[in-house]
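A.B. asks: Once you have looked at the hints, place chain B on chain A.
Chains A and B, in that order, are what the protein sequence lines are.
Position 335 of the first sequence, counting from 1, maps to 335 under the numbering used here, and the rest follow consecutively.
Position 106 of the second sequence, counting from 1, maps to 106 under the numbering used here, and the rest follow consecutively.
Keep in mind that the hints were calculated from the coordinates and are not lab data.
Careful: at least some of the hints might be erroneous.
[Stated by the list, open to error] Calculated pairs, EDC-like style, for lysine to aspartate or glutamate (alpha carbon to alpha carbon, straight line, at most 16 Å): (1) B:K260 / B:E295; (2) B:K260 / B:D299; (3) A:K20 / A:E41; (4) B:K300 / B:E231; (5) B:K192 / A:E73; (6) A:K20 / A:E61; (7) B:K192 / A:E70; (8) A:K20 / A:E73; (9) B:K192 / A:E41; (10) B:K192 / A:E24.
[Claimed, not checked] Short, incomplete list of chain A residues facing chain B, as computed with Cβ under 7 Å: (11) R32; (12) S76; (13) G183; (14) A194; (15) L271; (16) A272; (17) G275; (18) R280.
Even for Gly, the Cβ is constructed at its ideal location relative to N, Cα and C.
Below, each chain spelled out in residue letters.
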Amino acid sequence: MARLMLRSSQFRHEREESWKALEEIVGRIERRGIRSLSANEALHLPGLYRSVLSSLSVAREISLDRNLLEFLESLSARAYFCVYGVRSRFWQALSAFFGRGFPAAVWGARYHVLVAFLCLLAGAVTGYVLTIRNPEWFYAFVSEAMASGRTPASTTDALRETLYGGGQAASDGLAAFASFLFGHNARIGMLAFALGFAFGVPVILLLFYNGAVLGAFTGLFASRGLGVDIWAWLLIHGTTELFAVVLCGAAGLMLGSALAFPGRSTRLANLAHSGRQASRIVMGAVAMFFIAGLLEGFGRQMITDPVYRYAVGGGAFVWWLLYFRLRGAGGTDGE
Amino acid sequence: MASSAETAAPGAGETSGTRNLLTPEGVPVRVRLADRGERAAALIIDLLIVFASIIGLGLACIFILSGAISGHATLAVFLLISFLIRSFYFIFFELHWEGRTPGKRVLGLRVIDRSGARLRADAIFARNLMREVEVFIPVSLLLSAGTLGVGGWGKLLTIVWISVLVLLPFFNRDRLRAGDIVGGTWVISMPKNVLSQDISDAPARTDDAAAVTDAGHRFTLSQLDAYGIYELQTLETALRNTGPSAEQLHAEIAARVAAKIRWPDVVPPEAARHFLTDYYTALRSHLEARALFGERRADKHDGAPPEQ
Chain A
1 MARLMLRSSQ
11 FRHEREESWK
21 ALEEIVGRIE
31 RRGIRSLSAN
41 EALHLPGLYR
51 SVLSSLSVAR
61 EISLDRNLLE
71 FLESLSARAY
81 FCVYGVRSRF
91 WQALSAFFGR
101 GFPAAVWGAR
111 YHVLVAFLCL
121 LAGAVTGYVL
131 TIRNPEWFYA
141 FVSEAMASGR
151 TPASTTDALR
161 ETLYGGGQAA
171 SDGLAAFASF
181 LFGHNARIGM
191 LAFALGFAFG
201 VPVILLLFYN
211 GAVLGAFTGL
221 FASRGLGVDI
231 WAWLLIHGTT
241 ELFAVVLCGA
251 AGLMLGSALA
261 FPGRSTRLAN
271 LAHSGRQASR
281 IVMGAVAMFF
291 IAGLLEGFGR
301 QMITDPVYRY
311 AVGGGAFVWW
321 LLYFRLRGAG
331 GTDGE
Chain B
1 MASSAETAAP
11 GAGETSGTRN
21 LLTPEGVPVR
31 VRLADRGERA
41 AALIIDLLIV
51 FASIIGLGLA
61 CIFILSGAIS
71 GHATLAVFLL
81 ISFLIRSFYF
91 IFFELHWEGR
101 TPGKRVLGLR
111 VIDRSGARLR
121 ADAIFARNLM
131 REVEVFIPVS
141 LLLSAGTLGV
151 GGWGKLLTIV
161 WISVLVLLPF
171 FNRDRLRAGD
181 IVGGTWVISM
191 PKNVLSQDIS
201 DAPARTDDAA
211 AVTDAGHRFT
221 LSQLDAYGIY
231 ELQTLETALR
241 NTGPSAEQLH
251 AEIAARVAAK
261 IRWPDVVPPE
271 AARHFLTDYY
281 TALRSHLEAR
291 ALFGERRADK
301 HDGAPPEQ
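Next comes chain A alone, as it looks inside the complex (with noise of 0.2 Å):
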């Protein structure tokens, strides 16, 4: 018995095959990634999307199949994925960051850099002055375990040892504390974004307490006579490392003073935008601190010459302060 077909069944019939060729090319690359797709699927992927788009507008308005619409939905919704999905690969993705994201936005970020190390160095001098006239306050900056002997009590002969002594002995656990300092002061410096989202404040109290303990620890070697040496100890590895903390508390700033002052666009807006650009300062900062982490690990304990160790510090220093100028100024795209 011939049934009259409704209209929408009938476009249904005529579109069903390619709404059906499209999930299966869909599926696949959900599952497998875009590359399990042979050339003539990759070449008739936007086609079909294309069409299954048209389709749902069309059964939008003429259909009230809820299956068929839901279908037509998820579909289209996935295709759209699938065809303006990331497509970036890995390596290139990485050079491109390194090339021009990471210092772009550290360049677009240089007013809070700034700001950051300020904080930063308030606490080093504050913690640095306390120190010289009274070493007692050393203990109110540093913790036990953090001094590790370290301390107002010990010899001055004891403390020149732990800055150049131990380079053989432990030449075993270098590897072993290169790591280690690595993952902990990355930690530190993703933390230190994160915690912008409370308007910066944490931010702030995180450098400058950093700040307070390098102060501390250099106002103690120094108060020996051991001025020149620490700094030589600390500045090997510690222009790379303290600049990266400096930029993750820039990245926190950021956070913090998009979320206080939104600007002319909305909070959220804002608060996405430069969260973007923040994020990708701490992710340079991650690398940073890895190299810092290998200087600290084995440079340090490979050259015990203070002049060399002046010559690395400053030379990375110098480096990092170029590349950021050099790759970063004009420009604020940061693609």
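C.D. replies: Chain B in isolation, oriented as in the chain A frame:
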């Protein structure tokens, strides 16, 4: 460019759980925001994978590596790789699988850019770096009962602040967590809907055809005006139900429909499905025709049916 999503939302036809993405082709595509429960489940799966792989790595280091290289080197390898797993698990998978981690894949979830544009790497970085305060600090606070080096009030403040972060998805319509806010992302649910047979042209009378001598039911216009789109689609769902109690369900619905439209005959239970299928087809044809003229009747209460 980046702020287009915030100015565009929410558009026409969006309900509380769905959002429209405007494709470059000009057709808006509807996506459904993921439930908080689904997201929590996905997170738990991912965290279990992270912890399990770190434990597995530790065991591998102890039993395999430590035999080959020195203890310190083993420790170095362990520290480095466990840091990478912990900090980059989410970033790696969301980059590699276009916004999906294994947990999200199991639950059918996906991260997308709120503007509908390509999900970029920095959005993924941003949303996952925030996990440091959203997930890892609360967890370690719970485990260590707070050793952040702050006093009583500071601790209280920290706990309040962290609760704000953790509960953030409950306080906004888009169910954004802090990472989504900072990254400019949504998490959506993407079920794979299957295209079933069209009920209106299904060979519905394979088995119950014999029982029915009358080839088809005919309905008057006033009988078709009894219901709207909502009822039509509810009926569709019921007709797609082929479970064990489907027959009884269909008989009940057929009786209610027959009463409502004042169907002159009694619908026997074995012909219920046939009757409903015919009524569905007729009703859909009627409503679709009216929709073409711009009269979409949402449900049976929508607009008085025209007088006969």
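A.B. asks: Against each hint, give a clear statement of whether it holds in the structure.
C.D. replies: Verification of the hints:
no.: 1; hint: B:K260 / B:E295; result: violated (22 Å)
no.: 2; hint: B:K260 / B:D299; result: holds (14 Å)
no.: 3; hint: A:K20 / A:E41; result: holds (13 Å)
no.: 4; hint: B:K300 / B:E231; result: holds (7 Å)
no.: 5; hint: B:K192 / A:E73; result: holds (10 Å)
no.: 6; hint: A:K20 / A:E61; result: violated (21 Å)
no.: 7; hint: B:K192 / A:E70; result: holds (10 Å)
no.: 8; hint: A:K20 / A:E73; result: holds (14 Å)
no.: 9; hint: B:K192 / A:E41; result: violated (20 Å)
no.: 10; hint: B:K192 / A:E24; result: holds (12 Å)
no.: 11; hint: R32; result: violated (11 Å)
no.: 12; hint: S76; result: holds (5 Å)
no.: 13; hint: G183; result: holds (3 Å)
no.: 14; hint: A194; result: holds (4 Å)
no.: 15; hint: L271; result: holds (5 Å)
no.: 16; hint: A272; result: holds (3 Å)
no.: 17; hint: G275; result: holds (3 Å)
no.: 18; hint: R280; result: holds (5 Å)
Of the numbered hints stated above, those contradicted by the structure are hints 1, 6, 9, 11, listed in ascending order.
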